[in-house]
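Visitor: The primary structure of each chain is shown beneath.
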Amino acid sequence: MFTLGPAEWQAIEVTFRLCLYTTIILLVLAMPLAWWLAKGRSYARVVVQAVVALPLVLPPTVLGFYLLMALGPRGVVGKTLEDLGFHHLAFSFEGILIASVIYSMPFAVQPLTEAFSNLGRRPVEVASSLGAGALDRFRTVILPLTRGGFVVAATLTFAHTLGEFGVILMLGGSIPGETKVLSVLIYDHAEGMNYAAAHSLSLMLLIFAFITLFVVYSITRRFRVASV
Amino acid sequence: MNLQVQARLRYGEDFELNVDHELPLEGVTGLFGRSGCGKTSLLRLIAGLERAKGATVRFGDQCWQQGRAFVPLHKRRIGLVFQEHSLLPHLSVQDNLLYGYKRTPAALRRLHPPEVTAMLGIDDLLNRRIDQLSGGQRQRVSLGRALLISPQLLLLDEPMAALDTQTKREIMPFLGRMAAESGVPIIMVSHSPDEIQRLADRIAFMQNGRIQCIETLHQSLARPDSPLFEDAGAVSVLEGALGDTEEDGVRPFGPPEARLWVPNVTQAPAKPNLRLRILARDVSLSLVNPQQISIQNQLLVTIERIDAPRDNRCVVACRTEDGQLVLAEITARAVRQLGLETGTRLYALIKSVALLE
Numbered sequence: 001m002f003t004l005g006p007a008e009w010q011a012i013e014v015t016f017r018l019c020l021y022t023t024i025i026l027l028v029l030a031m032p033l034a035w036w037l038a039k040g041r042s043y044a045r046v047v048v049q050a051v052v053a054l055p056l057v058l059p060p061t062v063l064g065f066y067l068l069m070a071l072g073p074r075g076v077v078g079k080t081l082e083d084l085g086f087h088h089l090a091f092s093f094e095g096i097l098i099a100s101v102i103y104s105m106p107f108a109v110q111p112l113t114e115a116f117s118n119l120g121r122r123p124v125e126v127a128s129s130l131g132a133g134a135l136d137r138f139r140t141v142i143l144p145l146t147r148g149g150f151v152v153a154a155t156l157t158f159a160h161t162l163g164e165f166g167v168i169l170m171l172g173g174s175i176p177g178e179t180k181v182l183s184v185l186i187y188d189h190a191e192g193m194n195y196a197a198a199h200s201l202s203l204m205l206l207i208f209a210f211i212t213l214f215v216v217y218s219i220t221r222r223f224r225v226a227s228v
Numbered sequence: 001m002n003l004q005v006q007a008r009l010r011y012g013e014d015f016e017l018n019v020d021h022e023l024p025l026e027g028v029t030g031l032f033g034r035s036g037c038g039k040t041s042l043l044r045l046i047a048g049l050e051r052a053k054g055a056t057v058r059f060g061d062q063c064w065q066q067g068r069a070f071v072p073l074h075k076r077r078i079g080l081v082f083q084e085h086s087l088l089p090h091l092s093v094q095d096n097l098l099y100g101y102k103r104t105p106a107a108l109r110r111l112h113p114p115e116v117t118a119m120l121g122i123d124d125l126l127n128r129r130i131d132q133l134s135g136g137q138r139q140r141v142s143l144g145r146a147l148l149i150s151p152q153l154l155l156l157d158e159p160m161a162a163l164d165t166q167t168k169r170e171i172m173p174f175l176g177r178m179a180a181e182s183g184v185p186i187i188m189v190s191h192s193p194d195e196i197q198r199l200a201d202r203i204a205f206m207q208n209g210r211i212q213c214i215e216t217l218h219q220s221l222a223r224p225d226s227p228l229f230e231d232a233g234a235v236s237v238l239e240g241a242l243g244d245t246e247e248d249g250v251r252p253f254g255p256p257e258a259r260l261w262v263p264n265v266t267q268a269p270a271k272p273n274l275r276l277r278i279l280a281r282d283v284s285l286s287l288v289n290p291q292q293i294s295i296q297n298q299l300l301v302t303i304e305r306i307d308a309p310r311d312n313r314c315v316v317a318c319r320t321e322d323g324q325l326v327l328a329e330i331t332a333r334a335v336r337q338l339g340l341e342t343g344t345r346l347y348a349l350i351k352s353v354a355l356l357e
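So the sequence lines, in the order shown, correspond to chains U and Z.
Numbering-wise (the UniProt record's numbering), the first sequence opens with residue 1 and increments by one.
Numbering-wise (the UniProt record's numbering), the second sequence opens with residue 1 and increments by one.
Watch out, some of these pointers could steer you wrong.
Keeping only pairs whose Cα atoms sit at most 27 Å apart, straight-line, the calculated DSSO-like set for lysine-lysine is [what the hints assert, rightly or not]:
#: 1; chain 1: Z; residue 1: K75; chain 2: Z; residue 2: K102
#: 2; chain 1: Z; residue 1: K53; chain 2: U; residue 2: K39
#: 3; chain 1: Z; residue 1: K53; chain 2: Z; residue 2: K102
#: 4; chain 1: Z; residue 1: K75; chain 2: Z; residue 2: K53
#: 5; chain 1: U; residue 1: K39; chain 2: Z; residue 2: K271
Simulated DEER-style distance windows between Cβ atoms [what the hints assert, rightly or not]:
#: 6; chain 1: Z; residue 1: A106; chain 2: U; residue 2: I207; range: 40 to 46 Å
#: 7; chain 1: U; residue 1: G120; chain 2: Z; residue 2: Q207; range: 35 to 41 Å
#: 8; chain 1: U; residue 1: L206; chain 2: Z; residue 2: Q132; range: 42 to 48 Å
#: 9; chain 1: Z; residue 1: A106; chain 2: U; residue 2: A209; range: 41 to 47 Å
Derived by calculation from the structure, the hints in this document are not laboratory data.
Model, not experiment: these values are computed from the prediction.
Built from N, CA and C at the ideal position, the CB exists for glycine as well.
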């Protein structure tokens, strides 16, 4: 039952690559955004907060549809790229990577925003008064004190990207080695009545997702205890 | 050296910080006023944590903020001590103390860990975690950490407000010592007349976002309407040398011509300069030299001023033989019956004194 063929391995590879890149890109993007959301005072904050949270409530097909419109050969982004001599982004790995980054954004931004809010301004001000510049403060004060938030953000982003299906199907289709991720492969297997293969992959994802969430919750618990 | 601050800074609808002053920097300057009068905002402005548009902050010949020029806090070399919770929780006591020290260029270091930890009595705490410290210990570590950057200026934002009375009493001598021994000018925000009387040399009185006036402690205590009298009524603060314990367990304070005796409640060694607080309502006046009376502290004084009675009580300001001011609060009836007036020489009988250390 648990034998994995080359198609499965390929899907695992694509999925893993997608999750890893998404997580890295999102942490880099989410950090300044979450900082601004946690510390800023302007009204624009609320607007941005709502936009970031949109993927939580929208059907993935809506997001996938608009991304297809934008990144496809006739879309604003896709056409510009074509005009510049590149390929448009629909049905490509780059395309679903962009989609994943947008789709998983709230899962990176929200834990970080919360971590930065809980940090308060005091430790950062103290570090400044003790002669630490911005980068120094980030490395020696902000990062160690919000480590829990970073771990949670990274894990949730990774796990959520793993669970993507609708957006990828809309935008990426099912191209082996390019856009065929595990969730899509499971769908294909089930469509083709290959229940045994669909089951083995599903069970794998189920166990992986459980372990991930278990780790996240034990980390949040530990950090909450430690911060008291 | 002076600290020049000029700023207008609006907070919300109904509060504006509006200052244009020069604070002389020597010893301890108290920023005194009620909660919400703008003390902390002013402190944050001086530190560069609040960035008011068009503000000017100059420290001696250094320009910290003027026009577009702005020196960020980490380059100002200011020691900051907050009310509470300012130690970095992921570092040990030792690492907290050294955080700023390590970032101070070796050539600028004037204060070093051994002397600072000894001065603040925190030698035994170095390897502790922050959550293993009491409130008072935390504040001492915060003070030490601020001192170890060899700051040009220390800003203390109500450093004792979050501590209980007992702990305050424990910290106060350390603060006094720090002010005297470190040679760093200190600006201390406080709303407690007691703290100001103990520590401040000079006071900037704040109200509604403005500095009302800047005066020395003695100038302020000589004013009948001093805000420092809000707590316990009129008080005087005498300065003098404290001698060693003599027979019957009392210690002499001040020069022979204005000698007071204080009970030896403290084990402190003799000191050349200490403060003593006397509540005006603990002082009686006598025209004759009272020989057979149990009150030991009697000073020959000259009346300098008699304030208008309030609730039928008058504050009489008397100059001691060594030139200091002692206030006595007596009834208007007593003033009239004794025929007291400016220039009258008489005896001040002091029922109780408190050493401020």
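Visitor: For each hint, tell me whether it holds in the structure or not.
Guide: Against the structure, the hints come out as follows:
1. Between Z:K75 and Z:K102 the alpha-carbon distance is near 14 Å, which keeps this suggested pair within the 27 Å criterion.
2. Proposed proximity of Z:K53 and U:K39 is supported: the alpha carbons are some 19 Å apart, at most 27 Å.
3. Taken as a hint, the Z:K53 and Z:K102 pair is broken in the structure, with Cα atoms around 33 Å apart against an allowance of 27 Å.
4. Note on Z:K75 and Z:K53: the hinted pairing holds, with a Cα-Cα distance of about 20 Å set against a maximum of 27 Å.
5. With a C-alpha separation of about 49 Å, the suggested pairing of U:K39 with Z:K271 is violated against the 27 Å cut-off.
6. The given range of 40 to 46 Å is broken by Z:A106 and U:I207, whose C-beta atoms sit roughly 56 Å from each other.
7. Range check, U:G120 to Z:Q207: about 29 Å between beta-carbon atoms, so the 35 to 41 Å window is missed.
8. Between U:L206 and Z:Q132, the C-beta spacing of about 44 Å keeps the proposed range 42 to 48 Å intact.
9. A hinted range of 41 to 47 Å is violated for the C-beta pair Z:A106 and U:A209, which are about 54 Å apart.
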